[in-house]
Amino acid sequence: MSGPGMSSMGRRRSFGDLTYGLVIGGIALLAVTIIVAPVIIVLMTSFTEGRALKFPPQGFSLEWYQQLFDPVKSRQIHRTAGNSLTIAAWSTLFGVVLATLASLGIGRNRSRLARVADSFFMSPLVLPGITFGLAALVYFSVLGFRPSIDLMIAGHLIVTMPFILRTTTASLSQLDPALLDSSQSLGASWFYTLRRVTLPLIAPGIAAGAFLAFMASIDNVPVSLFLSNARTDTLPIRMWGMMESTLDVRVAAVSGVLIASAFVLMLIMEWTVGLTRRMRD
Amino acid sequence: MRFRQLREWQLALPLALAFTALFLAPLLLLVGVSFYNDDKISQPGFASWLKFYGDPFNYKVIGDTLLLGVKTVCTTVLIGYPLALVYLDLSARLQKVLLFIIVMPLLLSVVVRTFAWIVVLGHEGVVNSVLMSLGVISEPLKLLQTELGLVISLTQIEMPLMLLPLISVMSRLDPNLRDASAALGASRWRTLFTVTLPLSMPGLVAGCLLVFASSTTAFISQTVIGGVRLIYLPLVIWQQSLVVYHWPLAAVASLSLVVSVLSVVAALSWVGRRSGGYIHG
Numbered sequence: 001m002s003g004p005g006m007s008s009m010g011r012r013r014s015f016g017d018l019t020y021g022l023v024i025g026g027i028a029l030l031a032v033t034i035i036v037a038p039v040i041i042v043l044m045t046s047f048t049e050g051r052a053l054k055f056p057p058q059g060f061s062l063e064w065y066q067q068l069f070d071p072v073k074s075r076q077i078h079r080t081a082g083n084s085l086t087i088a089a090w091s092t093l094f095g096v097v098l099a100t101l102a103s104l105g106i107g108r109n110r111s112r113l114a115r116v117a118d119s120f121f122m123s124p125l126v127l128p129g130i131t132f133g134l135a136a137l138v139y140f141s142v143l144g145f146r147p148s149i150d151l152m153i154a155g156h157l158i159v160t161m162p163f164i165l166r167t168t169t170a171s172l173s174q175l176d177p178a179l180l181d182s183s184q185s186l187g188a189s190w191f192y193t194l195r196r197v198t199l200p201l202i203a204p205g206i207a208a209g210a211f212l213a214f215m216a217s218i219d220n221v222p223v224s225l226f227l228s229n230a231r232t233d234t235l236p237i238r239m240w241g242m243m244e245s246t247l248d249v250r251v252a253a254v255s256g257v258l259i260a261s262a263f264v265l266m267l268i269m270e271w272t273v274g275l276t277r278r279m280r281d
Numbered sequence: 282m283r284f285r286q287l288r289e290w291q292l293a294l295p296l297a298l299a300f301t302a303l304f305l306a307p308l309l310l311l312v313g314v315s316f317y318n319d320d321k322i323s324q325p326g327f328a329s330w331l332k333f334y335g336d337p338f339n340y341k342v343i344g345d346t347l348l349l350g351v352k353t354v355c356t357t358v359l360i361g362y363p364l365a366l367v368y369l370d371l372s373a374r375l376q377k378v379l380l381f382i383i384v385m386p387l388l389l390s391v392v393v394r395t396f397a398w399i400v401v402l403g404h405e406g407v408v409n410s411v412l413m414s415l416g417v418i419s420e421p422l423k424l425l426q427t428e429l430g431l432v433i434s435l436t437q438i439e440m441p442l443m444l445l446p447l448i449s450v451m452s453r454l455d456p457n458l459r460d461a462s463a464a465l466g467a468s469r470w471r472t473l474f475t476v477t478l479p480l481s482m483p484g485l486v487a488g489c490l491l492v493f494a495s496s497t498t499a500f501i502s503q504t505v506i507g508g509v510r511l512i513y514l515p516l517v518i519w520q521q522s523l524v525v526y527h528w529p530l531a532a533v534a535s536l537s538l539v540v541s542v543l544s545v546v547a548a549l550s551w552v553g554r555r556s557g558g559y560i561h562g
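So the protein sequences, as listed, match chains A and B.
For the record, in the first sequence the residue sitting at position 263 is 263 according to my numbering, with numbers rising by one throughout.
In short: position in the second sequence from 1, add 281, done, that's my numbering.
Since the hints were made in silico from the structure, they are not lab data.
Among the hints, a few may not be true.
[Unchecked claim] A partial selection of chain B residues facing chain A, derived with a Cβ cut-off under 7 Å:
hint, residue
1, Trp-290
2, Val-314
3, Ser-390
4, Val-392
5, Ala-397
6, Val-401
7, Met-440
8, Leu-478
9, Met-482
10, Ile-501
11, Ile-518
12, Val-524
13, Tyr-526
14, Trp-528
[Said to hold, decoys possible] Pair ranges (Cβ atoms, derived):
hint, chain 1, residue 1, chain 2, residue 2, range
15, A, Thr-19, B, Pro-479, 43 to 51 Å
16, A, Ser-119, B, Ser-414, 51 to 59 Å
17, A, Pro-200, B, Ser-323, 33 to 41 Å
18, B, Val-552, A, Ala-203, 33 to 41 Å
Note that CB positions come from ideal geometry on N, CA and C, so glycine has one too.
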């Protein structure tokens with residue numbers, strides 16, 4: 001083998017590797033910037049002194065946060081935030097009970113019917129939310145129900161429950177069946193095994209799913225859009241209204257609060273149940 | 282044994298009942314309502330379907346909606362895939378940090394993420410003020426209420442849906458394959474296109490499906506960033522149901538959204554399954 005050939009090949013390869021590093025690394029850096037920058041920019045804007053959403057923000061003040069926490073000026077925002085929390089809490093609670101039962105029932109059942117039922121329960125994730133929102137509105141109107149918090153809880157239950165079912169079924173499938181068999185062969189009843197063996201082992205999965213469902217409910221727009229009225233509307237609907245009409249800087253302050261709470265909650269869930277690992281797998 | 286099997290299966294009944302009453306029944310009713318002619322829902326017939334599909338404007342809306350999904354999928358792949366490649370090369374500790382950064386926006390309300398892009402793309406927003414101070418432009422660019430601005434925003438808003446399945450599949454690939462490719466003299470580009478890319482196809486296809494389904498139905502981002510002049514199907518559904526109160530037409534529009542989005546999703550996943558066989562050696 002001649003030297004020049006080798007060296008020219010070596011140079012060509014290193015040139016290719018250089019462009020690879022530059023292009024792939026450069027785009028990846030751009031991706032991280034695009035993901036993170038808007039969030040940081042909103043946080044910065046929420047501390048502005050000015051009355052408009054300008055960048056760079058003018059001065060530094062907590063004025064918009066004071067306005068946001070003022071019980072008189074921001075009464076509507078507080079009311080809608082209360083609605084959001086109530087709806088998210090109840091729909092998550094019902095979702096946890098129903099999804100855990102269903103998961104225990106058919107999560108490890110390989111029969112065809114059980115698989116079909118499982119896809120049926122997961123289908124709200126694929127169906128456009130706006131279609132289900134409209135369907136629920138038409139359905140409840142035909143049945144003669146007036147808009148209420150209860151209807152909102154029912155609607156949110158359907159679209160957030162799949163998150164709980166998915167993580168619970170995933171942790172059940174990782175459970176060693178030998179544990180259950182040995183518990184039963186040692187004379188434990190079915191219910192005792194459930195309470196002392198199964199549930200403690202799948203609890204992190206249920207908790208991760210419940211967290212995702214709760215956040216999805218807080219975030220939900222399509223279902224709330226159709227099922228709420230002026231009395232039962234939620235925080236995202238209210239924020240949407242504020243964004244469509246006058247661009248109130250309080251939206252930035254609400255966003256700031258939501259960003260901070262999502263960040264803290266996510267750190268807690270990461271430490272306790274390994275949230276991101278469950279979302280990746 | 283048989284008795285136990287039966288009892289476990291019954292645990293899924295409460296969820297099955299809830300889903301039948303609150304999910305299946307409303308959707309079937311929606312299909313039924315679409316076969317009524319008038320907004321009072323009194324005359325059965327095909328008039329709503331004929332009216333919707335007799336209007337050439339609605340074909341343009343459906344086309345634009347699907348095209349928006351395709352454009353968003355392209356940008357998320359172009360920007361997201363390199364980030365997933367970089368993720369593979371990071372240390373376990375940095376991988377955790379990056380995964381946290383990727384997942385974080387997913388738990389942030391869509392309304393907050395949409396609002397962030399108003400601040401970034403607005404008349405006095407970040408992009409315009411940076412470009413103006415650099416002297417690149419003398420007058421602010423119009424980015425809000427344009428499709429370009431909407432695609433940029435959706436790229437960030439939908440990015441986690443692309444990255445999670447992609448990273449999930451790619452981190453299960455045997456790193457020895459890439460090392461072997463390099464040892465056999467392939468450049469990093471060639472390794473990317475002949476080894477990593479084909480093997481990561483399942484994750485890529487899954488990501489594309491999620492991004493497509495989510496961006497075509499992203500009502501809030503479409504209306505707030507796209508404005509009223511860019512019309513997509515979710516806006517038509519909203520107008521027909523909550524502004525005009527013509528539920529049969531709204532039902533036709535939302536069933537058209539489901540069918541057109543899900544048929545693209547089905548076609549993509551068919552391509553995905555076919556390409557699963559396309560792996561060298």
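Exercise. Honestly, which of those hints from before does the structure not fit?
Worked result: 8, 9, 12, 13, 15, 17
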